[in-house]
Amino acid sequence: MYLQRLFLNQFRNYSVLQQDFSSQVNIITGQNAQGKTNLIEAIYYLSMFKTYRPAQDSQLIKANTNAFAISGAVRSKAGDLKIEVVYRNKETGGKEIKINGLKIRKISEILGNLTVVLFAPEDLNIVKGAPAERRSLLDNDISQVNPSYFINLQRYNRILAQRNHLLKRLSGSEKITGELLVWNEQFILLSEEIIAKRLQVLEKLIPLTRLIQRKLTEGKENLDIRYLLNRQKEIKKNDNIRSLLLEDLKKTQKEELKRGMTLWGPHRDDLLIVLNGNDLKYFGSQGQHRTAVLAIKLAELEYFKAESGEYPILLLDDVMSELDQKRREQLIQTIQEKAIQCFITTTEDLAYPWSEKTTTQKFYIEQGVLND
Amino acid sequence: MYQYAASLTKLIEQFARLPGIGPKTAQRLAFYVLNMPRLQVEEFAKVLVEVKETVKTCPACCNLTDVVPCRLCGDESRDRSLICVVEDAQDVIAIERTREFKGLYHVLQGTISPMEGKGPDDLRIRELLQRLRNEEIAELIIATNPDVEGETTAFYLAKLFKPMGIKITRIAHGLPVGGELEYADTATLTRAMSGRREMNI
Numbered sequence: 001m002y003l004q005r006l007f008l009n010q011f012r013n014y015s016v017l018q019q020d021f022s023s024q025v026n027i028i029t030g031q032n033a034q035g036k037t038n039l040i041e042a043i044y045y046l047s048m049f050k051t052y053r054p055a056q057d058s059q060l061i062k063a064n065t066n067a068f069a070i071s072g073a074v075r076s077k078a079g080d081l082k083i084e085v086v087y088r089n090k091e092t093g094g095k096e097i098k099i100n101g102l103k104i105r106k107i108s109e110i111l112g113n114l115t116v117v118l119f120a121p122e123d124l125n126i127v128k129g130a131p132a133e134r135r136s137l138l139d140n141d142i143s144q145v146n147p148s149y150f151i152n153l154q155r156y157n158r159i160l161a162q163r164n165h166l167l168k169r170l171s172g173s174e175k176i177t178g179e180l181l182v183w184n185e186q187f188i189l190l191s192e193e194i195i196a197k198r199l200q201v202l203e204k205l206i207p208l209t210r211l212i213q214r215k216l217t218e219g220k221e222n223l224d225i226r227y228l229l230n231r232q233k234e235i236k237k238n239d240n241i242r243s244l245l246l247e248d249l250k251k252t253q254k255e256e257l258k259r260g261m262t263l264w265g266p267h268r269d270d271l272l273i274v275l276n277g278n279d280l281k282y283f284g285s286q287g288q289h290r291t292a293v294l295a296i297k298l299a300e301l302e303y304f305k306a307e308s309g310e311y312p313i314l315l316l317d318d319v320m321s322e323l324d325q326k327r328r329e330q331l332i333q334t335i336q337e338k339a340i341q342c343f344i345t346t347t348e349d350l351a352y353p354w355s356e357k358t359t360t361q362k363f364y365i366e367q368g369v370l371n372d
Numbered sequence: 001m002y003q004y005a006a007s008l009t010k011l012i013e014q015f016a017r018l019p020g021i022g023p024k025t026a027q028r029l030a031f032y033v034l035n036m037p038r039l040q041v042e043e044f045a046k047v048l049v050e051v052k053e054t055v056k057t058c059p060a061c062c063n064l065t066d067v068v069p070c071r072l073c074g075d076e077s078r079d080r081s082l083i084c085v086v087e088d089a090q091d092v093i094a095i096e097r098t099r100e101f102k103g104l105y106h107v108l109q110g111t112i113s114p115m116e117g118k119g120p121d122d123l124r125i126r127e128l129l130q131r132l133r134n135e136e137i138a139e140l141i142i143a144t145n146p147d148v149e150g151e152t153t154a155f156y157l158a159k160l161f162k163p164m165g166i167k168i169t170r171i172a173h174g175l176p177v178g179g180e181l182e183y184a185d186t187a188t189l190t191r192a193m194s195g196r197r198e199m200n201i
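Protein chains in written order, with this note's numbering: chain A, 1 to 372; chain B, 1 to 201.
No lab work stands behind these hints: they were computed from the structure.
Keep in mind that a hint or two might mislead.
[Claimed, not checked] Listed next, the stretches of chain A that the computed footprint assigns to chain B, with coverage defined by at least 3 CB atoms under 8 Å from CB atoms of chain B:
no., segment
1, 37–43
2, 106–113
3, 143–156
4, 165–172
[Said to hold, decoys possible] Derived DSS-like pairs: lysine-lysine, alpha-carbon spacing no greater than 27 Å straight-line:
no., chain 1, residue 1, chain 2, residue 2
5, B, Lys-162, A, Lys-250
6, A, Lys-128, A, Lys-197
7, A, Lys-50, A, Lys-103
8, A, Lys-128, A, Lys-236
9, A, Lys-62, A, Lys-77
10, B, Lys-167, B, Lys-102
11, A, Lys-250, B, Lys-10
12, A, Lys-233, A, Lys-281
13, B, Lys-159, A, Lys-168
14, A, Lys-175, B, Lys-118
15, A, Lys-82, A, Lys-338
16, A, Lys-233, A, Lys-128
17, B, Lys-24, B, Lys-56
18, A, Lys-62, A, Lys-95
19, B, Lys-56, A, Lys-258
20, A, Lys-254, B, Lys-167
21, A, Lys-90, B, Lys-10
22, A, Lys-168, B, Lys-56
23, A, Lys-362, A, Lys-62
24, B, Lys-24, A, Lys-250
25, A, Lys-258, B, Lys-167
26, A, Lys-95, A, Lys-82
27, B, Lys-102, A, Lys-95
28, A, Lys-237, A, Lys-338
29, A, Lys-251, B, Lys-159
30, A, Lys-62, B, Lys-56
31, B, Lys-102, B, Lys-162
32, A, Lys-90, A, Lys-62
33, A, Lys-90, B, Lys-24
34, A, Lys-338, A, Lys-357
35, B, Lys-162, A, Lys-175
36, A, Lys-168, A, Lys-236
37, A, Lys-215, A, Lys-338
38, A, Lys-197, A, Lys-251
39, B, Lys-159, A, Lys-175
40, A, Lys-103, B, Lys-24
Just so you know, even glycine gets a beta-carbon here, dropped at the ideal spot from N, CA and C.
Construct the complete structure from the given sequences, taking the supplied hints into account.
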């Protein structure tokens, strides 16, 4: 799958941009703050219909204007696809998405039309950061290939909000009402479904990650990922998820009523990344963190390929300089071997060892203007 | 800053309070009223007050009505052993349009939704319990919406009434009749798939 053409209007620092891209390697150079990351963000937005950076949709609009538009022509096994998004400031009416000219009402209908794997400097947080970073990695991957998972997550968040409201109202009384019992049951049902799906996907992702990590380190490093229920209890294959959740409920219900909030469930779960038997978060070097994240990212590529039959688009935002020469070469080799379309942003135009068979296209960005 | 005449501003504000009406639409409606014939405006105002004065809640099914008992509860030809539980009065109209259901209704007037401060006690559940105790009911059909709140409410009712030994059913979720599979949204299709049943030929 690849992005043939991108069109931007009033997005971030771009006024208007229309650009055709190579189906293989696209290298975008430019000074800082010229719009390199904004371009990566725009492509990501066409896939997930939200940004990965900490910003609201309204903040993506170019200063002094009140709407932005992104559209892209995608070529995939399923055929040619035109994806269009327009976001207008609230008063004039929110987000509008069209696929091949047809208006789409729900995002769950269209996730997976354009799949992307993003590797940006902040991805080092996958190892070091809060549990939410690791959960969203997994949630985004699953949502892109499994729309019903995305729907379940939305329902889950709604039930969670309702349950929290109820717990807040009951707090202090410490009385378990019939209404709470019903919300508990609904909460457990969805929690169970979400966790089961996450485990199922991890079971595919872990062997891929392990294999790639060994390849990246010449067999020296063994990487493993474990699923932690409520950030502490490791869940094993064949564990009965429902009974573990019921245990959590039993343990925390009193405390939940006291504090007026939900204290367990998949929104509090975590992934433990283990390198050679140690928790990588505390024991790994900076270089090991980077390699592990690279291994996870490359495993994501294979996961998408296995699930949808096609490699996703790889977005590499300013990470080439973060990797040492050897990892960089391995990454380049992977991209070439699998003929993956990638977008690479960098401040300096480094001469990468691309083979002659790979078509590379170079662009230079200055002040939101892209030049060949 | 220049503003409209005070009474016109007031009218715009009144319209803007209504659900689904923004400031621009409110302005358009207000100007429309301003240009309506006087008689029509009077009729409009009269109807607004009248609806407030005459429409009440049926003591049995809690549906909106202007007669007591309501026309549905008072209709002797309906099957009194069947009760269909719905969220609001609009749902009764929707089901009545099918002309399929011949039983009675019970209107909950909402769903359990802690975010809106609504719990079971805020719904017309006590009235339903009364009916189930005092009347011979063979089946309770729960027809709340398939969203999070509707499902939770359905679950709550089922749990509450099951010990009374009443048959409780939930309306099916699935594909719209006459619709095409490829246009159905993912959530509906998923549900339709899990709720499939064996064909009887």
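Evaluation of the provided hints:
Restraint check on the segment 37–43 of chain A versus chain B: 0 residues with Cβ-Cβ distances below 8 Å, three needed, restraint violated. Given a C-beta distance limit of less than 8 Å, the hint that chain B covers the segment 106–113 of chain A holds, as 3 residues qualify and 3 suffice. Figure legend: the segment 143–156 of chain A, annotated as covered by chain B; annotation consistent (4 residues with Cβ-Cβ distances under 8 Å, at least 3 required). By the rule of at least three residues with a Cβ nearer than 8 Å to a Cβ of chain B, the coverage given for the segment 165–172 of chain A holds, with 3 such residues.
A C-alpha spacing of about 24 Å is found between B:Lys-162 and A:Lys-250, which places the hinted pair at or below 27 Å, so the restraint holds. The hinted pair formed by A:Lys-128 and A:Lys-197 meets the criterion: a straight-line CA distance of about 24 Å does not exceed 27 Å. Pair hint A:Lys-50 plus A:Lys-103 holds up; C-alpha atoms about 17 Å apart against a cutoff of 27 Å. A C-alpha spacing of about 23 Å is found between A:Lys-128 and A:Lys-236, which places the hinted pair at or below 27 Å, so the restraint holds.
As the CA atoms of A:Lys-62 and A:Lys-77 are separated by approximately 34 Å, the hinted pair breaks the 27 Å bound. Of the supplied pair hints, the one linking B:Lys-167 and B:Lys-102 holds, its CA atoms being roughly 17 Å apart against a limit of 27 Å. About 55 Å separates the Cα atoms of A:Lys-250 and B:Lys-10, which puts this hinted pair outside 27 Å; it is violated. Note on A:Lys-233 and A:Lys-281: the hinted pairing holds, with a Cα-Cα distance of about 17 Å set against a maximum of 27 Å.
Taken as a hint, the B:Lys-159 and A:Lys-168 pair is honoured in the structure, with Cα atoms around 23 Å apart against an allowance of 27 Å. As the CA atoms of A:Lys-175 and B:Lys-118 are separated by approximately 17 Å, the hinted pair is consistent with the 27 Å bound. For the given pair, A:Lys-82 sits about 24 Å from A:Lys-338 by alpha-carbon distance, which is consistent with the 27 Å threshold. At roughly 19 Å between alpha-carbon atoms, A:Lys-233 and A:Lys-128 fall within 27 Å of each other, so this suggested pair holds.
Between B:Lys-24 and B:Lys-56, the direct Cα distance comes to roughly 33 Å. Violation of the 27 Å bound is thereby established for this hinted pair. Between the alpha carbons of A:Lys-62 and A:Lys-95 the distance comes to roughly 16 Å, so the proposed pair stays at or under 27 Å and holds. For the hint pairing B:Lys-56 with A:Lys-258, the CA-to-CA distance comes to about 41 Å; that exceeds 27 Å, so the pair is violated. As the CA atoms of A:Lys-254 and B:Lys-167 are separated by approximately 34 Å, the hinted pair breaks the 27 Å bound.
A C-alpha spacing of about 25 Å is found between A:Lys-90 and B:Lys-10, which places the hinted pair at or below 27 Å, so the restraint holds. In summary, the hint linking A:Lys-168 to B:Lys-56 is not supported, as the alpha carbons are separated by about 34 Å, beyond the 27 Å threshold. A hinted pair counts as satisfied when its Cα atoms are at most 27 Å apart, and A:Lys-362 with A:Lys-62 qualifies at roughly 25 Å. In summary, the hint linking B:Lys-24 to A:Lys-250 is not supported, as the alpha carbons are separated by about 52 Å, beyond the 27 Å threshold.
The straight-line distance between the Cα atoms of A:Lys-258 and B:Lys-167 is roughly 38 Å, outside the 27 Å bound, and the hint therefore fails. Between A:Lys-95 and A:Lys-82, the direct Cα distance comes to roughly 17 Å. Compliance with the 27 Å bound is thereby established for this hinted pair. A threshold of 27 Å between alpha carbons decides the hint, and for B:Lys-102 with A:Lys-95 the separation of about 43 Å lies outside it, so the pair is violated. With a CA separation close to 32 Å, the supplied pair A:Lys-237 and A:Lys-338 exceeds the 27 Å bound.
Straight-line distance between C-alpha atoms of A:Lys-251 and B:Lys-159 comes to about 24 Å, which keeps the hinted pair within the 27 Å bound. A C-alpha spacing of about 53 Å is found between A:Lys-62 and B:Lys-56, which places the hinted pair above 27 Å, so the restraint is violated. Between B:Lys-102 and B:Lys-162 the alpha-carbon distance is near 23 Å, which keeps this suggested pair within the 27 Å criterion. Between the alpha carbons of A:Lys-90 and A:Lys-62 the distance comes to roughly 15 Å, so the proposed pair stays at or under 27 Å and holds.
This hinted pair checks out: A:Lys-90 and B:Lys-24 have alpha carbons roughly 14 Å apart, not beyond 27 Å. For the hint pairing A:Lys-338 with A:Lys-357, the CA-to-CA distance comes to about 12 Å; that is within 27 Å, so the pair holds. The suggested pairing of B:Lys-162 with A:Lys-175 holds, with an alpha-carbon distance near 23 Å, which does not exceed 27 Å. Restraint check for A:Lys-168 and A:Lys-236: the C-alpha separation of about 33 Å exceeds 27 Å, so the hint is violated.
Annotation: proposed proximity of A:Lys-215 to A:Lys-338 holds, straight-line Cα distance about 16 Å (limit 27 Å). Straight-line distance between C-alpha atoms of A:Lys-197 and A:Lys-251 comes to about 24 Å, which keeps the hinted pair within the 27 Å bound. Annotation: proposed proximity of B:Lys-159 to A:Lys-175 holds, straight-line Cα distance about 18 Å (limit 27 Å). For the hint pairing A:Lys-103 with B:Lys-24, the CA-to-CA distance comes to about 25 Å; that is within 27 Å, so the pair holds.
The structure is inconsistent with the numbered hints 1, 9, 11, 17, 19, 20, 22, 24, 25, 27, 28, 30, 36, although it conforms to all the rest.
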